[in-house]
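Next come the chains, spelled out residue by residue.
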Amino acid sequence: MLAGSALCYLLGAGFSSRLRGAVEFVFVPLGDLGMGAVTSTKANAGGISAAAENLTPAQIQRLIDENRLLAAQLNAVAQRHVELLAQSRRMDELYDRLDFECRLIPARVVGADALGYGQTRLINAGRSAGAAAGSAVTTRELLTDRAKALPTDLAAITSAALVGRLADSAAFSARLVLVTDASFSTRAHLLRVVKAGEARKILVSGDRGAAYELLSSENNRLLDVQAVGDGAGGLVIQHVSTQHNVRPGDRLLTRPNDPLLPAQIMIGTVHEVIEAEDKPHFVTVYVKPEADMDALREVYVVVPLGRWARTKG
Amino acid sequence: MRWIPLVILSYLLVLCQATLVKAITFTGLAIGPVGPEILAIAAVFLALSVNSLADAMIAGWVLGLGLDLAAYGGPAMPTVIGPMSLAYAIGSAGVFTVREAFFRSRPLPQILLALIFCVFSHLLWVTLQYLRAGGQTGGYGRLLFQALAISAYTAVLMPVGYRLLSRIRGWLMVPAVGRSRR
Numbered sequence: 001m002l003a004g005s006a007l008c009y010l011l012g013a014g015f016s017s018r019l020r021g022a023v024e025f026v027f028v029p030l031g032d033l034g035m036g037a038v039t040s041t042k043a044n045a046g047g048i049s050a051a052a053e054n055l056t057p058a059q060i061q062r063l064i065d066e067n068r069l070l071a072a073q074l075n076a077v078a079q080r081h082v083e084l085l086a087q088s089r090r091m092d093e094l095y096d097r098l099d100f101e102c103r104l105i106p107a108r109v110v111g112a113d114a115l116g117y118g119q120t121r122l123i124n125a126g127r128s129a130g131a132a133a134g135s136a137v138t139t140r141e142l143l144t145d146r147a148k149a150l151p152t153d154l155a156a157i158t159s160a161a162l163v164g165r166l167a168d169s170a171a172f173s174a175r176l177v178l179v180t181d182a183s184f185s186t187r188a189h190l191l192r193v194v195k196a197g198e199a200r201k202i203l204v205s206g207d208r209g210a211a212y213e214l215l216s217s218e219n220n221r222l223l224d225v226q227a228v229g230d231g232a233g234g235l236v237i238q239h240v241s242t243q244h245n246v247r248p249g250d251r252l253l254t255r256p257n258d259p260l261l262p263a264q265i266m267i268g269t270v271h272e273v274i275e276a277e278d279k280p281h282f283v284t285v286y287v288k289p290e291a292d293m294d295a296l297r298e299v300y301v302v303v304p305l306g307r308w309a310r311t312k313g
Numbered sequence: 001m002r003w004i005p006l007v008i009l010s011y012l013l014v015l016c017q018a019t020l021v022k023a024i025t026f027t028g029l030a031i032g033p034v035g036p037e038i039l040a041i042a043a044v045f046l047a048l049s050v051n052s053l054a055d056a057m058i059a060g061w062v063l064g065l066g067l068d069l070a071a072y073g074g075p076a077m078p079t080v081i082g083p084m085s086l087a088y089a090i091g092s093a094g095v096f097t098v099r100e101a102f103f104r105s106r107p108l109p110q111i112l113l114a115l116i117f118c119v120f121s122h123l124l125w126v127t128l129q130y131l132r133a134g135g136q137t138g139g140y141g142r143l144l145f146q147a148l149a150i151s152a153y154t155a156v157l158m159p160v161g162y163r164l165l166s167r168i169r170g171w172l173m174v175p176a177v178g179r180s181r182r
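Going line by line, the protein sequences match chains A and B.
Position one of the first sequence corresponds to residue 1 (our numbering), numbered consecutively onward.
Position one of the second sequence corresponds to residue 1 (our numbering), numbered consecutively onward.
Think of the hints as simulated: they come from the structure by calculation, not from any bench.
Idealized CB from N, CA, C, for every residue including glycine.
Relax, there's no trap hidden among the hints.
Footprint (simulated), chain B over chain A, 3 or more residues, beta carbon under 8 angstroms:
1) 14 to 26
2) 114 to 120
Selected chain B positions facing chain A (in silico; Cβ < 10 angstroms):
3) L15
4) A18
5) G66
6) A76
7) T79
8) L143
9) A147
The shape of chain A in the complex, shown without the other chains (with noise of 0.2 angstroms):
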């Protein structure tokens, strides 16, 4: 028994994955009940504050219900701002960031880390659904703007954020690696968010040299970042140099050249930034998901098809 277990951990993580990948599907059916039960239990939680204590339920739930709208709304502007930068930059661009060709696949959380050393879970989607260890996830909010003409086998993923990727896939199921998991980490572009009203001065390089700007939708550079997990609800982005002046309110994006999801979607969104207190003149930058983790329950998984599919090899 004892030298089962001692020879479970020498022969490493490859068979403890295939293990896992054989059992994890007895979870899945008594598992989808659990999560639907914590699940909607943080959503609600998440919309009730202290002052709700003098309201009556009517009147909370009108603002639970006013509070989402508003949030998709928004949601949608901010897209639709990212939308416009993104024209302005299309001849930089090597592939086009709104729509590309995709199979998404709905999946459900079923399970959590029973530990809470690691943020992941377990969804309902396997390689049986087409689901593959690599493929990133979005949220499944879906607000499609009523003019556009959609191609049959597109969505408009407006609203969504990017919530992991997957690490493994057994047959009926796989485990997600959310993005604030201490092992995640991917390039991405740091969007700094113009405001009306606010005045921010960037360092900018140009023919005479280097010299301070005010920070315009002319001179908005989207800035290349190495943004990690810090395994405790967040993401964390070091070395940013002070001259681009990133301030809290900015938002972290996908690449629209990264091959598995080659779009541009919300990662989140800055809430601290802190000098390095080891290199002067660079800073760390503290990010928000977009996605609230604790209620994640719906998901896509992203395949990319046509020029976007990875060739096997």
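Add chain B to chain A, keeping to what the hints say.
Below, chain B alone, put in the same frame as chain A:
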């Protein structure tokens, strides 16, 4: 010890640990999510209740294996199976060995034993997984603090879990004949 009910209990507890327990888990903390570990509560209960050391170790091993199978993330990604079942078996043996020195039905000894059991098993798990990852991943200190917090939370809930599991003691165990012996 009745082994089939134990396996069924282990399955249900792992299911609850991976789903329902998240409702009472604190998230957003700097050290990471902190939630109770109900399998540890069951392991300590069984170690305090069974008739033989072998039963305690096997029960602990089964519960630990269930936790190993359902715990994917950690210092190594994916984590390897084996450390928690090993830790639970050894921890259960330890609890069984010292149980005669405590009033098992009192909350304070239950909390103390659960705390020591959890601290031992989690520290062992974190350290073995960290070594498996080649020590390359950072945050070992944070993981240790997280392990202590999880252990404390679990220990606080131990008396509640003990009372609930006492109700199904007859389903899990064959009654002891005569006085219990070490």
